[in-house]
Amino acid sequence: YMNDAFGTAHRAHASTAIIADFFPENKLFGYVMSNEVSNLNKVVKEGEHPITAILGGANVSGKIEIINHLLDKVDNLIIGGGMMFTFIKALGGEIGNSLVEDDLLETASEAMKKAKDLGVNFYIPSDTIVADKFDNEAEKQICPSGYVPDGWMGLDIGPDTIQTFSEVIEISKTILWNGPMGVFEMEPFAKGTVAVGDYIASATKKGAFSLVGGGDSVAAVKKYNLEDKVSYVSTGGGAMLEMLEGKSLPGIEAMKK
Numbered sequence: 001y002m003n004d005a006f007g008t009a010h011r012a013h014a015s016t017a018i019i020a021d022f023f024p025e026n027k028l029f030g031y032v033m034s035n036e037v038s039n040l041n042k043v044v045k046e047g048e049h050p051i052t053a054i055l056g057g058a059n060v061s062g063k064i065e066i067i068n069h070l071l072d073k074v075d076n077l078i079i080g081g082g083m084m085f086t087f088i089k090a091l092g093g094e095i096g097n098s099l100v101e102d103d104l105l106e107t108a109s110e111a112m113k114k115a116k117d118l119g120v121n122f123y124i125p126s127d128t129i130v131a132d133k134f135d136n137e138a139e140k141q142i143c144p145s146g147y148v149p150d151g152w153m154g155l156d157i158g159p160d161t162i163q164t165f166s167e168v169i170e171i172s173k174t175i176l177w178n179g180p181m182g183v184f185e186m187e188p189f190a191k192g193t194v195a196v197g198d199y200i201a202s203a204t205k206k207g208a209f210s211l212v213g214g215g216d217s218v219a220a221v222k223k224y225n226l227e228d229k230v231s232y233v234s235t236g237g238g239a240m241l242e243m244l245e246g247k248s249l250p251g252i253e254a255m256k257k
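For the sequence shown, counting from 1, position 59 maps to 59 in this note's numbering; every step adds exactly one.
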């Protein structure tokens, strides 16, 4: 029995978690599964320090378990994308019409406090590219992240933030990237995502191990031709996220019996 379906390893399906029991001596991972597990372990279990996790995307709710699990493993945690505004509002910032999860403000505050207690550098964007509407043709300007004008929304990280993030990435030995820095699908708000991808590629070229995972991050590295410039691009969305959350995956556990 060979299991090469990492993308479904987080689901307890008969084909991935039950049939394996009938092959106690003759079962093995396929190349994809083996590579996914070994490369994710290079981040969460065997990473060379400094370790930097870069998390973006829209929602804190989809990333908070990853944040909490990684905080005692990483040296630097970088936050970008729409989820940054939940943290900024939790700090008392004004965010205008930017995306926010008000029910997670306390959760965001607790994560930042945990990071401080553990001595983890927690980076939240200092400036943002804001727009007066969610549109390619929108009026845009740069403003401090905690001072977004009423009626405007943050759609990308700003130049000062890009500079700060670049300095962190350049000194990192292990890098995890999950989630874009802004709405990169719209060209006016793609600079942050492109810059982070380029700096990760540069650090990789200098010897860092870099893993990119998550649908939007993978789409970004493909769009900007960075696939061959990072160490590994994960194919498993939900499975990768659950592994980063520290959960045991039924499809993997079945192979250990």
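Be careful, since some hints might not be right.
[What the hints assert, rightly or not] DSS-like cross-link-like pairs, simulated, lysine-lysine; straight-line CA separation at most 25 Å:
1) Lys-140 with Lys-27
2) Lys-27 with Lys-223
3) Lys-140 with Lys-45
4) Lys-223 with Lys-45
5) Lys-45 with Lys-191
6) Lys-247 with Lys-191
7) Lys-191 with Lys-73
8) Lys-229 with Lys-256
9) Lys-42 with Lys-206
10) Lys-113 with Lys-140
11) Lys-133 with Lys-114
[Said to hold, decoys possible] Pairwise CB distance ranges, derived in the manner of DEER restraints:
12) Asp-103 with Lys-247: 34 to 44 Å
13) Phe-22 with Leu-105: 17 to 27 Å
14) Gly-62 with Lys-114: 30 to 40 Å
15) Ile-142 with Asp-72: 30 to 40 Å
16) Ser-61 with Asn-26: 23 to 33 Å
17) Glu-106 with Tyr-147: 19 to 29 Å
18) Lys-114 with Tyr-147: 38 to 48 Å
19) Glu-167 with Thr-235: 28 to 38 Å
20) Ile-142 with Glu-167: 42 to 52 Å
21) Glu-167 with Pro-24: 44 to 54 Å
22) Ser-231 with Glu-25: 52 to 62 Å
These are calculated hints, taken from the structure and not from any lab test.
Ideal Cβ positions, reconstructed from N, Cα and C, are used throughout, including at glycine.
Here is how each hint holds up against the structure:
A hinted pair counts as satisfied when its Cα atoms are at most 25 Å apart, and Lys-140 with Lys-27 does not qualify at roughly 56 Å. Distance check on the hinted pair: Lys-27 and Lys-223 sit about 37 Å apart at the alpha-carbon level, beyond 25 Å; violated. Restraint check for Lys-140 and Lys-45: the C-alpha separation of about 42 Å exceeds 25 Å, so the hint is violated. In summary, the hint linking Lys-223 to Lys-45 is not supported, as the alpha carbons are separated by about 30 Å, beyond the 25 Å threshold.
At roughly 32 Å between alpha-carbon atoms, Lys-45 and Lys-191 are farther apart than 25 Å, so this suggested pair is violated. For the given pair, Lys-247 sits about 34 Å from Lys-191 by alpha-carbon distance, which is inconsistent with the 25 Å threshold. Taking the CA atoms of Lys-191 and Lys-73, the gap is about 29 Å. The hint is violated against a cut of 25 Å. Among the hinted pairs, Lys-229 with Lys-256 is inconsistent with the structure: their alpha-carbon atoms are about 33 Å apart, more than 25 Å.
Using a Cα cut-off of 25 Å, the hinted pair Lys-42 and Lys-206 holds, with the two alpha carbons roughly 17 Å apart. Our distance criterion of 25 Å between C-alpha atoms is broken by Lys-113 and Lys-140, whose separation comes to about 33 Å. With a C-alpha separation of about 35 Å, the suggested pair Lys-133 and Lys-114 falls outside the 25 Å cut-off, and the hint is violated. The hint said 34 to 44 Å for the Cβ distance between Asp-103 and Lys-247, and at roughly 23 Å that hint is violated.
Between Phe-22 and Leu-105, the C-beta spacing of about 49 Å breaks the proposed range 17 to 27 Å. The beta-carbon spacing between Gly-62 and Lys-114, approximately 18 Å, falls outside the hinted interval of 30 to 40 Å. Our hint of 30 to 40 Å for Ile-142 and Asp-72 holds, since their Cβ atoms are close to 35 Å apart. Restraint check, Ser-61 to Asn-26: a C-beta distance of roughly 41 Å breaks the suggested window 23 to 33 Å.
In this structure the hint that Glu-106 and Tyr-147 lie 19 to 29 Å apart at CB holds, the actual value being about 23 Å. For Lys-114 and Tyr-147, the Cβ-Cβ distance of about 26 Å falls outside the hinted range of 38 to 48 Å, so the restraint is violated. For the hinted restraint 28 to 38 Å between Glu-167 and Thr-235, the CB-CB distance of approximately 31 Å keeps it satisfied. For Ile-142 paired with Glu-167, a C-beta distance near 19 Å fails the hint of 42 to 52 Å.
At about 51 Å, the CB distance of Glu-167 to Pro-24 agrees with the hint of 44 to 54 Å. Restraint check, Ser-231 to Glu-25: a C-beta distance of roughly 34 Å breaks the suggested window 52 to 62 Å.
Violated hints, listed in ascending order, are 1, 2, 3, 4, 5, 6, 7, 8, 10, 11, 12, 13, 14, 16, 18, 20, 22; each of the other numbered hints is respected by the structure.
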